[in-house]
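With chain A's structure known, arrange chain B on it following the hints.
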Amino acid sequence: MNKKADVWQGTLALMVLRTLHALGPLHGYGIARRIETTSGDLLSVNYGTLYPALLKLEQEGYIASEWGLSENKRKAKFYKLTAAGRKHLTREAREWERMTGIMARFLPPAEQTS
Amino acid sequence: MRRARVWFRRVLSLFQRGRLDREFAEELESHLQLHVGDGIRSGLSPEEARRQAVLRLGGIEPVKERQRDRRGLPFLESLGRDLAYAARMMRSHPGFTATVILTLGLGIGATTAIFTVVNGVLLRPLPYLQPDRLVYVSETLGGRPNPFTYTRDYAAFRDHNRTLSQIAGYMFFAANFTRGDRSERITGGLATRSFFDLLGVQPALGRNFLPEEDSPGGPPVAILSGEFWRNRLGADPSVVGRSVILDGRSYNIVGVLPRGFRVPGQYGGDYTFALWLPFAITQNRAARNEIMLCAVGRLKPGATLQQVRADLDALQQVKLRRGIQKGIVVSEWQNEITHGVRRSLLIFLCAAGFVLLMACINVANLLLSRAATREREMGIRRAIGAGRRRILQQLLTESALFGLLGGMLGLAFAYWGKSILVAFLAPNLPSLDPILIDRGVLFFNISVAVLTGIAFGLAPALQTSNFDVMRSLKESGRGSSDGRSPQRIRSMLVVSEVALAMVLLSGAGLFLKSFFRLRSVDGGYKSDHILMMTLDLTASKYKTATDQTEFFRQALERIGELPGVLAAGVTTSPPFSLYSYTLSGVILEGQPEASTSVDVAIVSPDYFRILGIPLVRGRIFSPVDRDGSPSVVVVNESFARRFYPNGDCLGKRIQNWDKENDYKTIVGVVGDVRTYPEDEAPPEIYCPYLQTAGTHMTIVVRTAGDPLLMSAAVRSRIAAVDNTQPPHDITTMEQAIDEHFTPRRVKMQLVVVFAVLALILGVVGIYGVLSYTVRRRTHEIAVRLALGAEPTRIIGMVMSRGMGMIASGIGIGLAASLALTRLISGELWGVSATDPWTLAAVALVLVASGLAACLMPALRAARADPMASLRRE
Chain A
0 MNKKADVWQG
10 TLALMVLRTL
20 HALGPLHGYG
30 IARRIETTSG
40 DLLSVNYGTL
50 YPALLKLEQE
60 GYIASEWGLS
70 ENKRKAKFYK
80 LTAAGRKHLT
90 REAREWERMT
100 GIMARFLPPA
110 EQTS
Chain B
0 MRRARVWFRR
10 VLSLFQRGRL
20 DREFAEELES
30 HLQLHVGDGI
40 RSGLSPEEAR
50 RQAVLRLGGI
60 EPVKERQRDR
70 RGLPFLESLG
80 RDLAYAARMM
90 RSHPGFTATV
100 ILTLGLGIGA
110 TTAIFTVVNG
120 VLLRPLPYLQ
130 PDRLVYVSET
140 LGGRPNPFTY
150 TRDYAAFRDH
160 NRTLSQIAGY
170 MFFAANFTRG
180 DRSERITGGL
190 ATRSFFDLLG
200 VQPALGRNFL
210 PEEDSPGGPP
220 VAILSGEFWR
230 NRLGADPSVV
240 GRSVILDGRS
250 YNIVGVLPRG
260 FRVPGQYGGD
270 YTFALWLPFA
280 ITQNRAARNE
290 IMLCAVGRLK
300 PGATLQQVRA
310 DLDALQQVKL
320 RRGIQKGIVV
330 SEWQNEITHG
340 VRRSLLIFLC
350 AAGFVLLMAC
360 INVANLLLSR
370 AATREREMGI
380 RRAIGAGRRR
390 ILQQLLTESA
400 LFGLLGGMLG
410 LAFAYWGKSI
420 LVAFLAPNLP
430 SLDPILIDRG
440 VLFFNISVAV
450 LTGIAFGLAP
460 ALQTSNFDVM
470 RSLKESGRGS
480 SDGRSPQRIR
490 SMLVVSEVAL
500 AMVLLSGAGL
510 FLKSFFRLRS
520 VDGGYKSDHI
530 LMMTLDLTAS
540 KYKTATDQTE
550 FFRQALERIG
560 ELPGVLAAGV
570 TTSPPFSLYS
580 YTLSGVILEG
590 QPEASTSVDV
600 AIVSPDYFRI
610 LGIPLVRGRI
620 FSPVDRDGSP
630 SVVVVNESFA
640 RRFYPNGDCL
650 GKRIQNWDKE
660 NDYKTIVGVV
670 GDVRTYPEDE
680 APPEIYCPYL
690 QTAGTHMTIV
700 VRTAGDPLLM
710 SAAVRSRIAA
720 VDNTQPPHDI
730 TTMEQAIDEH
740 FTPRRVKMQL
750 VVVFAVLALI
760 LGVVGIYGVL
770 SYTVRRRTHE
780 IAVRLALGAE
790 PTRIIGMVMS
800 RGMGMIASGI
810 GIGLAASLAL
820 TRLISGELWG
830 VSATDPWTLA
840 AVALVLVASG
850 LAACLMPALR
860 AARADPMASL
870 RRE
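First to last, the sequence lines map onto chains A and B.
For what it's worth, numbering that gives the first Met the number 0 labels the leading residue of the first sequence as 0, then goes sequentially.
For what it's worth, numbering that gives the first Met the number 0 labels the leading residue of the second sequence as 0, then goes sequentially.
Hints listed in this document are in silico derivations from the structure and should not be mistaken for laboratory results.
These numbers were taken from a predicted model, which means no experiment stands behind them.
There could be a bad hint or two in this list.
Claimed, not checked - Using 20 Å as the maximum straight-line C-alpha spacing, the simulated EDC-like pairs for lysine to aspartate or glutamate come out as follows:
{"#": "1", "chain 1": "A", "residue 1": "K55", "chain 2": "B", "residue 2": "D626"}
{"#": "2", "chain 1": "B", "residue 1": "K658", "chain 2": "B", "residue 2": "E679"}
{"#": "3", "chain 1": "A", "residue 1": "K76", "chain 2": "B", "residue 2": "E25"}
{"#": "4", "chain 1": "A", "residue 1": "K76", "chain 2": "B", "residue 2": "D626"}
{"#": "5", "chain 1": "A", "residue 1": "K79", "chain 2": "A", "residue 2": "E59"}
{"#": "6", "chain 1": "A", "residue 1": "K76", "chain 2": "B", "residue 2": "D20"}
To be verified - Calculated Cβ distances over 10 Å to all of chain A for the following chain B residues:
{"#": "7", "residue": "L56"}
{"#": "8", "residue": "G57"}
{"#": "9", "residue": "F147"}
{"#": "10", "residue": "V239"}
{"#": "11", "residue": "K318"}
{"#": "12", "residue": "I390"}
{"#": "13", "residue": "L404"}
{"#": "14", "residue": "L408"}
{"#": "15", "residue": "F423"}
{"#": "16", "residue": "I445"}
{"#": "17", "residue": "G523"}
{"#": "18", "residue": "T545"}
{"#": "19", "residue": "E556"}
{"#": "20", "residue": "S637"}
{"#": "21", "residue": "Q654"}
{"#": "22", "residue": "L822"}
Just so it is clear, CB atoms sit at the ideal spot from N, CA and C, and this is done for glycine as well.
If we strip away everything but chain A, and leave its shape as in the complex, we get (with noise of 0.2 Å):
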């Protein structure tokens, strides 16, 4: 397998509050890097599109930043979530549980390995 999935607008917003909320405030690369190997690799996040999607949760309160010294001591913005942005990732995460478990209901798990 190798060709790397895209990866979506709207689930890369989750994925990116997903990572903040396991790792703590992070850098625009490090979110980059982790959801890169979280996902094995599977997934090519085009780094380019990662900043508006920040910006994009920024504008909307969910997550918050701030300059800082990343680990090579340079100067780095840090993300952060904010309680508005834990609430919405849980309520978030829920929707997408239930999606995928309408899904999964489509498409047993016989077909899916074909």
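Below, chain B without anything else, positioned relative to chain A:
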């Protein structure tokens, strides 16, 4: 909530663009550094690591661009940029900009000014309670409209209708109002008790009429208008309970209406009723007399005009047995009030719209010409990646900005033009409120401005944005002639402009011809140096014919003694008088059948001499023709022609219509006098005032000098006879004529102004397009001249192109005029709506102005210096 927050942050970001851009650049840089660090650690060279990092990012500038779009309001930002750019363009071409804005300002201004009046008169609701439910009830008699209802019908409607929730009647009257030793003639109203309730107006002081006051034989009471109370009674707060004296009778004041309460008068003018009496005061239980009144009703919820009409019609036919020659007309009250001016206003609005259309066409032409010179600019924009939509947006922003600026100028024009217009039209505007530039007008103005901006900008913008990039960059935009299609667009625009000008000029020509035809009609009398004033004697004081005659005889005697007065006379119906007395069924001795109707006027012997009415045969009256001497009459030529076509009518007798077995002998024939210049003089009988009395008389004075200067002296002589009988409608014959012609004159002038504007715009349009063509073809013309072409041929070439456009324009315009002028045929007098002479004259004017417009570019083309223009290449 979230969305609002997002918008807020996006708007906020517009003000922090610099900082945010810097911060994002830093963030990207740190991202790249982290990525590069990882790359180096995995064994790449620093250059390769950076290359890959940038690649994964998808380029630095595109990311920044996308971030900016997400961060702010891209549409607004590009609009802002376009506006700034458009403003720069305008500043750098001030002449062009001024021409465009002025042209648009004229068009939009004219349209807005007329719309202001249309809005104030036709669209704004009447200032009463729920005005859209108010209807006006009038009657027809034998198919002809009669604007009134009769009291018996009104009573039936009031008591038995099923479609109106309220109904009220009113009428106007005139009376002599006396206060102390001064008297003046006032106009008052008669209103049913329900009238003020129907309109939703409460007296500011006191109360409405009581039921017993508005019934026959009720006590004499009055409600004052706020204006009368202020101006005549000094705004006395304790006025309720006091009384006013009208025609010698005392009326108890029971209320005062709020100021500004106005009701439309019957003749469209701005009637202000000084005070109101209960309508029933005119009703006499015994005599069951019928008088006319204006009936206004309020629709029941759900009722329609048709239902009301059917309802009242049935009542009239069944209950009153009026017979089938009578009919009912029910209309919205506002329509009834404004129908007299609606057509004129719509004609003006159309004319203004035409002017606006021409302004747009001219501006479109200007922009088209400029579009050609901007091809390089657009080529560069396209080449560096601007999309066609983006360029269209920019060009339309530019023209919308032109439109808005033109609109602002137009609003200024409209503000100024509106006052002139209102002053012009005032006597004919039934508007109850001052005519203002209100929100509706502003909305109209801005909509028109933006729409015209888009309308005139679209064709040039499409043309500019739709072209071959490579071609435009290769060619320098000079020397080559246009492609076929833009040239055709331009010619079409000019042709339509000429056609529009033709239509407007035809309308103006017809109005002009009609006006001057009418103005030159000989009324049959001399109008100079005539002072007129009207008297209505109080009938309770001047009861007998002898009293009435005696009053006027004495007044004339005293006025005649005044230095500066050449002669003084009286008449019941001078020219332009609203009063005319018509007798039907006059019996002429020796003629078996009663004649159809004739007019009757009562005059003093001097009347004919004062107005210069010629005596044709026989004699005019003398002081001998008085009470007791044989009854005599003088007839006009029209009468003589009609009833005595072969033979002399002198000495023939007419049966006295007032007395049985009595005859009036015709002693003279005088020239015809037209009451209104529009109408032929009807057959008319003149009776001597010493034999036939009347209470309503107009005193006519021939003066040596300015007649108005004599009016005070004449009035004092009348007051010397009786100071409780004030004269009213004091005017000169010249003024009366002028007043009569004012509506027509105003209409004619306005249409002429619009037509002249259209002519100017048309000439400018032709000139603009031709000189543009010549400029574009300078190279070609220069080559032709260099090769030995005669300059006259060059002139011919340019002229024939111009005249071709003008000829097609005139052709189309002629067809349109023939179709459209029919719509104004009702406004014309003595000239057909398709008058060939007018149309020919208009076409000639257009050809002549078109020739002038073509000549200059043609001469310039012929004078082109081949060497200079070729060297420039």
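Each hint, compared with the structure:
{"no.": "1", "hint": "A:K55 to B:D626", "result": "violated (106 Å)"}
{"no.": "2", "hint": "B:K658 to B:E679", "result": "violated (30 Å)"}
{"no.": "3", "hint": "A:K76 to B:E25", "result": "holds (9 Å)"}
{"no.": "4", "hint": "A:K76 to B:D626", "result": "violated (118 Å)"}
{"no.": "5", "hint": "A:K79 to A:E59", "result": "holds (13 Å)"}
{"no.": "6", "hint": "A:K76 to B:D20", "result": "holds (14 Å)"}
{"no.": "7", "hint": "L56", "result": "violated (5 Å)"}
{"no.": "8", "hint": "G57", "result": "violated (3 Å)"}
{"no.": "9", "hint": "F147", "result": "holds (71 Å)"}
{"no.": "10", "hint": "V239", "result": "holds (68 Å)"}
{"no.": "11", "hint": "K318", "result": "holds (75 Å)"}
{"no.": "12", "hint": "I390", "result": "holds (26 Å)"}
{"no.": "13", "hint": "L404", "result": "holds (36 Å)"}
{"no.": "14", "hint": "L408", "result": "holds (41 Å)"}
{"no.": "15", "hint": "F423", "result": "holds (58 Å)"}
{"no.": "16", "hint": "I445", "result": "holds (33 Å)"}
{"no.": "17", "hint": "G523", "result": "holds (87 Å)"}
{"no.": "18", "hint": "T545", "result": "holds (100 Å)"}
{"no.": "19", "hint": "E556", "result": "holds (98 Å)"}
{"no.": "20", "hint": "S637", "result": "holds (90 Å)"}
{"no.": "21", "hint": "Q654", "result": "holds (101 Å)"}
{"no.": "22", "hint": "L822", "result": "holds (59 Å)"}
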